[in-house]
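From first to last, the protein sequence lines stand for chains A and B.
In terms of numbering that gives the first Met the number 0, the first sequence opens at residue 0 and continues consecutively.
In terms of numbering that gives the first Met the number 0, the second sequence opens at residue 0 and continues consecutively.
Source of the hints: derived by calculation from the structure; they are not laboratory data.
Be aware that one or more of the hints could be misleading.
Any copy will do: because identical chains look the same in the list, a pair fits if it lies in one copy or spans two.
[To be verified] Taking lysine to aspartate or glutamate and the EDC-like style, the derived pairs with C-alpha atoms no more than 20 Å apart in a straight line are: (1) 204 with 22; (2) 204 with 12; (3) 204 with 8; (4) 44 with 105.
Number of protein chains: 2
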Amino acid sequence: MAVYTEIPDEELEAFIASYDVGELLSCKGIAEGVENSNFLIHTGKGAYILTLYEKRVDPADLPFFIGLMQHLSEQGVNCPLPVTDREGRTLRELAGRPAALITFLEGIWIRRPDPGHCAEMGRAMARMHLAAENFGQRRDNALSVTGWRPLFESARAGADTVSAGLGAEIDKELAALEARWPQGLPQGVIHADLFPDNVFFLHDKISGIIDFYFACNDLLAYDIAICLNAWCFEIDISFNITKARAMLRGYNSVRPLEPGEFDALPLLARGAALRFLLTRLYDWHNTADGALVRPKDPGEYLKRLRFHRSVKSATEYGLDRH
Amino acid sequence: MAVYTEIPDEELEAFIASYDVGELLSCKGIAEGVENSNFLIHTGKGAYILTLYEKRVDPADLPFFIGLMQHLSEQGVNCPLPVTDREGRTLRELAGRPAALITFLEGIWIRRPDPGHCAEMGRAMARMHLAAENFGQRRDNALSVTGWRPLFESARAGADTVSAGLGAEIDKELAALEARWPQGLPQGVIHADLFPDNVFFLHDKISGIIDFYFACNDLLAYDIAICLNAWCFEIDISFNITKARAMLRGYNSVRPLEPGEFDALPLLARGAALRFLLTRLYDWHNTADGALVRPKDPGEYLKRLRFHRSVKSATEYGLDRH
Numbered sequence: 000m001a002v003y004t005e006i007p008d009e010e011l012e013a014f015i016a017s018y019d020v021g022e023l024l025s026c027k028g029i030a031e032g033v034e035n036s037n038f039l040i041h042t043g044k045g046a047y048i049l050t051l052y053e054k055r056v057d058p059a060d061l062p063f064f065i066g067l068m069q070h071l072s073e074q075g076v077n078c079p080l081p082v083t084d085r086e087g088r089t090l091r092e093l094a095g096r097p098a099a100l101i102t103f104l105e106g107i108w109i110r111r112p113d114p115g116h117c118a119e120m121g122r123a124m125a126r127m128h129l130a131a132e133n134f135g136q137r138r139d140n141a142l143s144v145t146g147w148r149p150l151f152e153s154a155r156a157g158a159d160t161v162s163a164g165l166g167a168e169i170d171k172e173l174a175a176l177e178a179r180w181p182q183g184l185p186q187g188v189i190h191a192d193l194f195p196d197n198v199f200f201l202h203d204k205i206s207g208i209i210d211f212y213f214a215c216n217d218l219l220a221y222d223i224a225i226c227l228n229a230w231c232f233e234i235d236i237s238f239n240i241t242k243a244r245a246m247l248r249g250y251n252s253v254r255p256l257e258p259g260e261f262d263a264l265p266l267l268a269r270g271a272a273l274r275f276l277l278t279r280l281y282d283w284h285n286t287a288d289g290a291l292v293r294p295k296d297p298g299e300y301l302k303r304l305r306f307h308r309s310v311k312s313a314t315e316y317g318l319d320r321h
Numbered sequence: 000m001a002v003y004t005e006i007p008d009e010e011l012e013a014f015i016a017s018y019d020v021g022e023l024l025s026c027k028g029i030a031e032g033v034e035n036s037n038f039l040i041h042t043g044k045g046a047y048i049l050t051l052y053e054k055r056v057d058p059a060d061l062p063f064f065i066g067l068m069q070h071l072s073e074q075g076v077n078c079p080l081p082v083t084d085r086e087g088r089t090l091r092e093l094a095g096r097p098a099a100l101i102t103f104l105e106g107i108w109i110r111r112p113d114p115g116h117c118a119e120m121g122r123a124m125a126r127m128h129l130a131a132e133n134f135g136q137r138r139d140n141a142l143s144v145t146g147w148r149p150l151f152e153s154a155r156a157g158a159d160t161v162s163a164g165l166g167a168e169i170d171k172e173l174a175a176l177e178a179r180w181p182q183g184l185p186q187g188v189i190h191a192d193l194f195p196d197n198v199f200f201l202h203d204k205i206s207g208i209i210d211f212y213f214a215c216n217d218l219l220a221y222d223i224a225i226c227l228n229a230w231c232f233e234i235d236i237s238f239n240i241t242k243a244r245a246m247l248r249g250y251n252s253v254r255p256l257e258p259g260e261f262d263a264l265p266l267l268a269r270g271a272a273l274r275f276l277l278t279r280l281y282d283w284h285n286t287a288d289g290a291l292v293r294p295k296d297p298g299e300y301l302k303r304l305r306f307h308r309s310v311k312s313a314t315e316y317g318l319d320r321h
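With these hints in hand, go ahead and build the complete structure from the sequences.
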């Protein structure tokens, strides 16, 4: 939950007045999102999200994120559309921060997704991958395999305080992933953070996908691997194959997986688990006392990682090889 | 900023469906309010606030708060109206907490009120006091003069760590206030927490007063004393007589102050400053590490208290005695 920046009254009024959205009626800081400050704005013309980009977002990446949302919206993906101000700008500054006004998407994120939600999410992810194919910009994934070792080095000191032997386990896992990370699989723009809180539903259909601030170019199947971790485990971190099967079938029905992608899924899923384990480990030891966001338990991703390491073949995720 | 309780998906759906408000479209935890969990809800019929009452609110007090909002709304005060469900109930339970759905009020709270805002607030407070005159319920103020000493005893140990000699200063102040607290002044229902973040404006007019969860029966002039503290100091805790004059004139134009109320203002303002000093002192030493709400600096209210102690007559607040 996060509102890091207070907006002075006059600045907010003037900011909203620079868009053709009617008069400012209300502005509430919302307790979701970890990276940025988000406000739900009501104006005479409807509801919007105002995002102030905080220090974890590199301003140089913002044109990619904003452009991607515009592109996906144009392609019919239900995602926030950055609003253009009277001077034609989508990326602005407010309260000393880069800022954007984007359309508000109605919908509820599902705390406990069922297989039907997973199937719907799989289809939507595949549609998003296809819709992004002709997006002209590119952004490398700083949190993919080559980025993990430096991240680990910065978080290593605390690893064994989370769990004895964790440092050595990660070291070994990293070496294995670096040696075996797949080459030559289909690439494209991935969301890279498609957790349930970033997917809104209405009447069991997806009404919106939000939070494109980790989007980047990477293996498309790596996005699926992230979702295997994010959607297909129960609260006790037991793997739910029914949800995984539903998600993979949903994805496959829109964009059929290539055999190489299918085969790589267990390794990619280990990588995805390690990626979230590492960032959580880093945050666990680098979150200031009194911070507004509680760091999340890295241990949950260690359990996921160990599960995926035990997987011999992607068929154990519930989908047959084609 | 606060969302303390997560609401399970199905419970939220069923809860909203039990009201005649149309379908649930979205639900965002909002990062305002310290005592309770608040969600901004969009439905087919508009916007609402869903409040889950957390442990600092005594459930036995909820009928008073809910009833007061209903009463004030009926009297034309712009305040949230508790929505009645299909079975005629306004007070419900959700996610194991007492809960209420109330109407959403558009408007912006003013971070830096100017004298015009203070005048408007003074008038609105007086109208609220008059509107509450025939409200049938009663709730004693646990945070008035008789409640301060026990609160101080529970927070005393930490006082001197905030500021050397603070314990002794509070002790002396408490004794003075207990001895001289006024008797016989007009009583009624007061808001008791009318800080700028609880007053919404649109076009420089008040569009709503919210957060009645400290409302109680007490001296009406004590509410004014709270507002002298809450609205009439600058960020550096210098007193702004122009704002105080505007607020007092505004109040007086709707409900003329009695001479005894006028004379008591400096003492009441000391009491109000002490009340917030004590609760902040308590929170300062009793907020768990990792809590979602940062405790506020008690020192700001010590400065206010010392200012009011230096005031010889209420004329120093900018209003002449009548």
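Out of the numbered hints, which ones does the structure contradict?
-> none
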